[in-house]
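K.L.:
Produce the complete structure using the sequences and hints provided.
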Amino acid sequence: MTPTFPPTHEVFNQVPDLVPYDAADDAALLEGLRREGAAWAEDEVRALGVLAGGIRAQDWGRLANEYPPVLHTHDRYGNRVDEVEFHPHWHDLMTVAVEHGLHGAPWRDPRPGAHVARAAKFYTWGQADAGHMCPISMTYAAIPALRHNPELADRYEPLLAAPHYDFGLREPSSKRGLIAGMSMTEKQGGSDVRANTTTATENADGSYTIVGHKWFTSAPMSDLFLTLAQTEHGPSCFLLPRVLPDGTRNRIHIQRLKDKLGNKSNASSEIEYQGATGWLVGPEGRGVATIIEMVNMTRLDCVIGSSTGIRMATLRAVHHARHRKAFGALLIDQPLMRNVLADLVVESEAATTMMMRLAGATDRATDDPQEAALRRIALAVTKYWVCKRAPVHAAEALECLGGNGYAEESGMPRLFRESPLMSIWEGSGNVAALDALRAMIKQPDTVEAFFAEARLAEGADRRLDDAISRVGKELADLENVEYRARRVVELMALVLQGAQLVRHGHPAVADAFCASRLDRDWGIALGTLPTGIDTAGILSRL
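Under the working numbering, the first residue of the sequence shown carries the number 628, and numbering increases by one thereafter.
Worth flagging that the hints you see were computed from the coordinates, not collected in a lab. Positions of the beta carbon are idealized from the N, C-alpha and C atoms, including for glycine. Among the hints, erroneous ones may be present.
Pairs of lysine-lysine, DSS-like flavour, derived with a Cα cap of 30 angstroms [to be verified]:
no., residue 1, residue 2
1, K814, K885
2, K1100, K1069
3, K885, K802
Label pairs and their in silico Cβ distance ranges [to be verified]:
no., residue 1, residue 2, range
4, P633, N1057, 24 to 32 angstroms
5, P737, D649, 24 to 32 angstroms
6, E726, T700, 29 to 37 angstroms
7, P910, T993, 17 to 25 angstroms
8, I1151, P962, 17 to 25 angstroms
P.N.:
Rendered as structure tokens:
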């Protein structure tokens, strides 16, 4: 007789899958969308949210990361081809992003609120996959820089903003839509782009011959690239197509793909310009000033990308706690876990609310000097702080799932690996902090704009008022200010977030933020909110 045994593999006390979920069902996002002038886009944002959180799109993102791009430098006969092969779902992700205008809709249809609508869609669709948002962001950011050469802008801008993803190696003007990249970093310089050694020599026809090596070029299958190279007048900006007007390949050779911590679906590469052909964008010697417009746009996307990751981590942690029991009660009903989860939500809402304010400033900056000044300083300080918070937040959220969160299939390791990137891209922490100081020194109106924005909330919360006063004292003391740059910029970022939450956020979230981040009744780790916080009100936001 065969012995019988009690069942050992009965599944209980496990959490149902979060997917499918509505990625746009986000109070802070939708409130910001309406407040910042893009209520007209809410239906599209909501539709995109259902798609982004659906089983199909989530599988696209998972598979594009599990099967990363592969470089083919030569064909079977030994001919140089410099092609990167992507998983087919990479192209599905790109198609949706482009068709919804995440790469260029504000340039094609610059109605009021266009950048706000685009930010909301970027945040929503980015929950399917972060990697493909890199070329989407660079395409969006390339157009303001390209406009420094009106002839090139007339030729390429309509295609860069077109709602068509047209992948393949062809001459740009023959395609229905284009993707742009940028290539600045060199191995000896990093953020110090003025130390670049790539050279550009003018030809008789007005083009330039580019020779040099670039250490980090993401999305090397893009149709066009903006790059920096040295002329006799200094660093200058150039546009290089992958295929030249005569149909021949430009001499842009991919040396290898980077084996990165995260961002696996996206190809990042080292390339060499071996006599590549480019065209000048902006004056010679003014390349950094020209391309900085592209950098500022991608910095906005760094804030959006980090806010997206923070939101996703929060959702997964709260979802897990609502379904998992320990010691006789659901995790979410246990006081210490409520403290942790509420703190995660506060961090998320602060990031998202500030992100939408920055998008609104981007919309208004063209016609409003004060909004332009605010955007200049607020982008730098927010990029520093929100992107710094993402890895800390991701680690705490992962821990809420315990060992399940450490398993790859939970999705949390992928989220964690992605989290440091936005703080590195377009200027790591020190660069962003020092850039904020530089803006305040060179453009004093940015300081005025900062205080004007913060003081819109003055009188509503004593803790915020005190923090605004502390910023004033910090900025009045210039001794060792560069050494103190991170402390100063952190405080400025927190004041901006606090002002937005006090004016526009949920009262429980605003109170918790002011008590912890501004009044300093907070520990070093997340989950150290003071007593008396309305955790039920905070958790009701999800």
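K.L.:
If a hint holds in the structure, say so; if it doesn't, say that too.
P.N.:
These are the hints, each one checked on the structure:
1. K814 / K885: It holds: about 13 angstroms lies between the C-alpha atoms, which stays within 30 angstroms.
2. K1100 / K1069: Since the Cα atoms of K1100 and K1069 sit roughly 19 angstroms apart, the hinted pair holds (cutoff 30 angstroms).
3. K885 / K802: holds (28 angstroms)
4. P633 / N1057: 24 to 32 angstroms: violated (59 angstroms)
5. P737 / D649: 24 to 32 angstroms: Given about 29 angstroms between the Cβ atoms, the range holds.
6. E726 / T700: 29 to 37 angstroms: holds (32 angstroms)
7. P910 / T993: 17 to 25 angstroms: holds (22 angstroms)
8. I1151 / P962: 17 to 25 angstroms: holds (20 angstroms)
The structure does not agree with numbered hint 4 stated previously, though it agrees with all others.
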